[in-house]
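475 is the number that our numbering gives to position 475 of the sequence shown; each next residue is one higher, with no gaps.
Hints in this document: simulated from the structure, not taken from any laboratory.
Every value quoted in this text rests on a predicted model; they were computed, and no experiment measured them.
Wrong hints could be hidden among the right ones.
Stated by the list, open to error - Capping the alpha-carbon separation at 20 Å, the derived lysine to aspartate or glutamate pairs in EDC-like fashion look like this:
{"#": "1", "residue 1": "Lys82", "residue 2": "Glu61"}
{"#": "2", "residue 1": "Lys308", "residue 2": "Glu248"}
{"#": "3", "residue 1": "Lys308", "residue 2": "Glu210"}
{"#": "4", "residue 1": "Lys220", "residue 2": "Glu250"}
{"#": "5", "residue 1": "Lys229", "residue 2": "Glu155"}
{"#": "6", "residue 1": "Lys81", "residue 2": "Asp190"}
{"#": "7", "residue 1": "Lys220", "residue 2": "Glu210"}
{"#": "8", "residue 1": "Lys358", "residue 2": "Glu304"}
{"#": "9", "residue 1": "Lys220", "residue 2": "Asp190"}
{"#": "10", "residue 1": "Lys358", "residue 2": "Asp376"}
{"#": "11", "residue 1": "Lys215", "residue 2": "Asp190"}
{"#": "12", "residue 1": "Lys358", "residue 2": "Asp339"}
{"#": "13", "residue 1": "Lys81", "residue 2": "Glu61"}
Said to hold, decoys possible - Here are the computed distance ranges between Cβ atoms for each label pair:
{"#": "14", "residue 1": "Ile459", "residue 2": "Ser70", "range": "49 to 59 Å"}
{"#": "15", "residue 1": "Ser360", "residue 2": "Met447", "range": "22 to 32 Å"}
{"#": "16", "residue 1": "Gly163", "residue 2": "Pro226", "range": "23 to 33 Å"}
{"#": "17", "residue 1": "Thr231", "residue 2": "Pro103", "range": "39 to 49 Å"}
{"#": "18", "residue 1": "Glu210", "residue 2": "Asn244", "range": "56 to 66 Å"}
{"#": "19", "residue 1": "Asp191", "residue 2": "Ala317", "range": "24 to 34 Å"}
{"#": "20", "residue 1": "Glu346", "residue 2": "Ser395", "range": "21 to 31 Å"}
{"#": "21", "residue 1": "Ala451", "residue 2": "Glu473", "range": "26 to 36 Å"}
Just so you know, even glycine gets a beta-carbon here, dropped at the ideal spot from N, CA and C.
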Amino acid sequence: MKRAFASVLLIAILIYFASGFDVYLSAASEPTINDESNEITDPDGLQIEDEGVNGPHLFSETAVLIDAASGQVLFEKQMNKKMFPASITKILTALLAIENGRPDQRITMSERAVFSIERGSSHIALDMDEQITLDQAIYGISIASGNDAANGIAESIGGTLEGFADMMNQRAREAGAINSNFVNAHGLPDDSHVTTAYDMGMIMRACVQEPAFLKYFSEKLFEIPPTNKQTETRFLHNANCLINGTIECEGVIASKTGYTNAAGNTLVSAATKDGRTLVAVVMKSSGRNEKFDDTNALFEYGFESFRKVRIPAEKIAKSFSGLSADNLASETLYYSSSDLNVYLNENISEDAIRIDYKLSAEAGASGSAQAVISVDEEQADGWMYNQLAIIDLESASEENLVAAGNDQPAAPGSDNDNSNYLSNDQSEQVGIARRVSLFVRRLLPVMAGLAALFVIYLILRERKRRRRRRKLERLRQQYNVKPYHVDRGRRLL
1 MKRAFASVLL
11 IAILIYFASG
21 FDVYLSAASE
31 PTINDESNEI
41 TDPDGLQIED
51 EGVNGPHLFS
61 ETAVLIDAAS
71 GQVLFEKQMN
81 KKMFPASITK
91 ILTALLAIEN
101 GRPDQRITMS
111 ERAVFSIERG
121 SSHIALDMDE
131 QITLDQAIYG
141 ISIASGNDAA
151 NGIAESIGGT
161 LEGFADMMNQ
171 RAREAGAINS
181 NFVNAHGLPD
191 DSHVTTAYDM
201 GMIMRACVQE
211 PAFLKYFSEK
221 LFEIPPTNKQ
231 TETRFLHNAN
241 CLINGTIECE
251 GVIASKTGYT
261 NAAGNTLVSA
271 ATKDGRTLVA
281 VVMKSSGRNE
291 KFDDTNALFE
301 YGFESFRKVR
311 IPAEKIAKSF
321 SGLSADNLAS
331 ETLYYSSSDL
341 NVYLNENISE
351 DAIRIDYKLS
361 AEAGASGSAQ
371 AVISVDEEQA
381 DGWMYNQLAI
391 IDLESASEEN
401 LVAAGNDQPA
411 APGSDNDNSN
421 YLSNDQSEQV
431 GIARRVSLFV
441 RRLLPVMAGL
451 AALFVIYLIL
461 RERKRRRRRR
471 KLERLRQQYN
481 VKPYHVDRGR
491 RLL
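Work out the full structure, taking the sequences as your base and the hints as a guide.
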């Protein structure tokens, strides 16, 4: 029995530690600050499962939900996968037109602007040498998704279609869209014309800051009066179900659809509720209405499942030790000049918020730092995207006029540079605290398991004793043998 118990116990312990040993090693060696290889410019940041218990399940292949005020990602599904945008490209075209043109600016349609678009693609029947205003052209792309109108805007604002494409890429980068490449103003298929759900969300975030953009992309109907080439009024009708009311979506303030065979159905939208504005992007949904259903689900999730949490500035502040450009030991305090507000999933405790620091400095420079605010992955409980914010920190240094010895930390930018560093005391304290916490968290389940096994062992041992006693009693009765009695070490029959 003892051998059996020992075997069971050994197997249980081996299975437990085999399943968790790699986790233990990675957690025990986890740096206090983020690894330098995790580029700040990468919008992926800290991610967990893109399909979890707390978020909507979508038909679309990729999607993102962004808080317009802060840029915080509230939900993502493969948001950095490169996709074809189709006509949602036109929100960037409109943004550049609003920022660089005048509503009454005259556009003269060139032969290339009219005839370079695909036969059968959406248009508003503009003719070569026809003149319309920039205002009318923007309505032409926002309501009727006219590819000819988009080309007219491109040539009017950028000089050439290629020049406007360069402007698009520059403006996209300024908006935080770093994984996109735009080669035309309308979004018709081109292998080089690609973007991501995240990038389109960031572009839409820039768009909704323009009141004129909201006017153009929330309009149901518009009339273009007769022109020098057209004797009749053009009536433009918006087929976007979120705008024309065919499908109800509370609070929508702007929206643009897109479709090509390669891109599938795409949709970018913004909605406002209780003073908050959210941006939702869905890409490559198959059914026509799936993109609207997904967008509705995203907005409902974003408005109903999050609460605002304030992180005090003093909690973000952090001191780091290193060397100055003059090879002198220094202590630098990095801090935020104001409190930080983030949105936290309603099922996540505020205790799960963690702050990591990313430092970088070149020789002779004072250096810079960013605070990465996120939710601890172990406590995220299936939340789609656990990064809350990345903020630039201000700094204040006080150099100690003590020449650094060989045992001092390397200066940032030197051959032994470790741009992400903590003071020795801080590193030791943080490391010990994390290891103790991890050890306790892993030890408790082991102890509980051992206790359970011990109880099982006692139960099994008692059952075996009872069976043996019953068997002996039957044998005694069968052979008429009197039981033994123990008296002071002597056995008497």
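Next item on the list: Check each numbered hint from earlier against the structure, then list the numbers of those it violates in ascending order.
Entry: Numbers 2, 3, 8, 9, 11, 15, 17, 18, 19, 20 - these are the hints that the structure violates, sorted from lowest upward.
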